[in-house]
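Participant: Sequence:
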Amino acid sequence: MDENGIPFGSWFNMPGYTDAALMPFAVEMPTRGWALDEATLEDNNQCDDNICSKKNDEVLFENVSLESRELERFEVYLKAVDNYPLPPALQTLQLSSYERNLDVWRQLWRTVEQSDVVLIVCDVRYPILHLPLSLLHYIVRQCKKSPLVLLNKADLVPRRVLDKWMEFLPLYFKATGVVSADEAEEASTGIVCDIPLLPFTSLPAEETAFGADGNGNPARRRKKKKRHAKLYEQLRTGKLQLPETPTRDEYDDDDEDACGTSSQDEEENNKSGRVKCDGEYTYADTDNFKGMYKAERELQCDKRGYNELRIVSDMISLLLQKCRAMCANKTHVTCGTGGEEAFLRIGVVGHPNVGKSSLLNCIRGTKVVSVSATPGHTKHLQTIPIPSEHVVLIDSPGLSFPVFGLPRAIQAVVGTHQIAQTRDPQSGVAFLAYHLQLERLYGLRKVDGADDTVEWSPYELCESFAKKKGYFVKHGKGALDVHRGAIEILQEAYDGRLVLFFAPPDITWLESSQFRKEICPHLLMELHLPKTVGE
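In terms of numbering that gives the first Met the number 0, the sequence shown opens at residue 0 and continues consecutively.
Read the hints as simulated data drawn from the structure, not as lab findings. These numbers come from a predicted model, not from an experiment. Be a bit skeptical, because a hint or two may be false.
Per label pair, the in silico range of CB-to-CB distance [claimed, not checked]: (1) Leu77 - Ser511: 32 to 40 Å; (2) Arg309 - Asp81: 22 to 30 Å; (3) Leu21 - Thr188: 24 to 32 Å.
Straight line, CA to CA, 30 Å or less: simulated DSSO-like cross-link-like pairs of lysine-lysine [what the hints assert, rightly or not]: (4) Lys516 - Lys78; (5) Lys173 - Lys143; (6) Lys143 - Lys163; (7) Lys445 - Lys473; (8) Lys78 - Lys144; (9) Lys321 - Lys78; (10) Lys163 - Lys173.
Note that CB positions come from ideal geometry on N, CA and C, so glycine has one too.
I would like the entire structure built from these sequences, with the hints used as guidance.
Facilitator: And the structure:
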C-alpha cells in the first residue's frame, strides 16, 4: 500500500472479485412510517406530563397500534431491499449485510428524535463507508436535525490524509445534495447548509501508526492506554488539577529533578491533598483525594503522556463547544425549575465498532458504558448525564445500513460485520494481501517449503501465520487451525496493527461527468414502498 493510503478507484480491489463499485451505493433507510407531531415533540422535552395524564388503557392501545404498524412496514421494507431492481449498469453489484432487527432501528429513531445535535461517529480510515447518504438524508432532510461528523481514531492515519478528508467531505455533502445549497435555503427550509467535521482520538501522538516506532505496537498501545486511564479520569472529574503546559526549560531538567524522590514537605502536602501549581500548592476540587500529588508527579514524569491528556481534554472541550454553538439559536426545555440552564442533548449514532461507547466514556471521564471490540456490543439506547457540563449524552447501538457495491469480505475488515461470524475470512485476508505485503510484515515462510518469492495464496498466508502463532485444531492430530489464523489477521487489521486506510478522491472529481452522471444518481437509492394496511 502506498504511504498515502489505498488510492481512489482501487478501494475495493481484491483478487478474483470484480463486482465492487467505485463507491458504495446506499439504499434509503427504514423509517417509522409516521411523523411525530408537535405535541409529541413537546412531550419529549417536558417530562411526559401530558402522556402521564392520559388513561393507561389509551396509552397502551396507542403504543400497540404504533408498534404493529412499524413492524408491518419494516417487513415490507426488508422485502423491497432484498428485491431492489438495480439499473442495468449495476446489476452485478451485491447487497451488503445489514441490520434486520426492528428493535435496533427503533433505538436509532429515538436517539435522533430526542437529540438536539446528532453526532455521527465514523472511522477516519474508511470515512466514506461509515457515512452512508441514507443516514445523512434521514437526519438532515427528514428529521431536520443538526449533525456533526466525528472522524474517530485519527491517530491511525497520517495528518495529510486527515486534512484531505476534511477538505473533501464538505464538498461531497454539497455535491450530493444532502445539505442546503446556501443560507437562504437553510432559513426557509430548516435544513442545514453545512455539516461540521471534527477529528478525535483518545491516543494522540506526534506521528501516527504509519511509520511510527511504537504507536503501531499493540502491546505499547494497550499499556499506554491502561497507564493513563486512571490519571485521565482524575483530570476530567476534577480530582486532579494540572498546571499549564510545561515550558521547554522544564522539559530540559534532569529526570532526577523532575521525577526524583519527594522531600519531607512534599510528603506532607501529599497527605493533605494539595498539588503544586506554578510554584504554589493549591487544593483540587475534590480535596479528599489521596495521593493527588503523587498522581500529578507521575503524570508530569511522562512528558508525552502529559501532552496527550491535554490534547484529549482540549478535543473534548472543542467538541462540546461546537455542539453548543450549533444549538445557540435553538431553545431547549428542561424539567427543572425556572432559570436553570438548559441541558444539551447529544445523540451518538453510527456503524458498529467505530468507537461510540469509548467516546462517551472519554467525554464523561469515567467508565459508564461497557465497550467491546465485537460489533453490536451496545444493545439499547442509554442516556448519560453530565451535570457539570449541562449535557446529556445519548448512546445508541451501532447498526449496518444496506448498501450495494461493498463486498461482504471487506465488511469484516472495516468492522461493520462481526469478524468471528465471518464464514469466509480468507476472502478478507485476500483483500489485505492485495494491498499489504503480509508475508513480509509478519516474516512468514511457506509451510510446504515452497519458494517464498512466488505469489502467496490467502490460504498459504493463513496457514503460515497459524504455524507461527502455534494454532492447531483441537484433536486434529497436528492440523493447523487456518480459520483461526485468518480471523486473527482480520482482527489485527481492524485494531490498526496492520495499517490500512483509504485515500480520498481529488476534489475536482466531484465536478467530473463521471461523478455527476454515473455515480451521484445512485448514491442514494430511493424505495417506493407499497402502503400497508394501517396506513
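Participant: Any of the earlier hints contradicted here, and which numbers?
Facilitator: Violated: hints 2 and 9.
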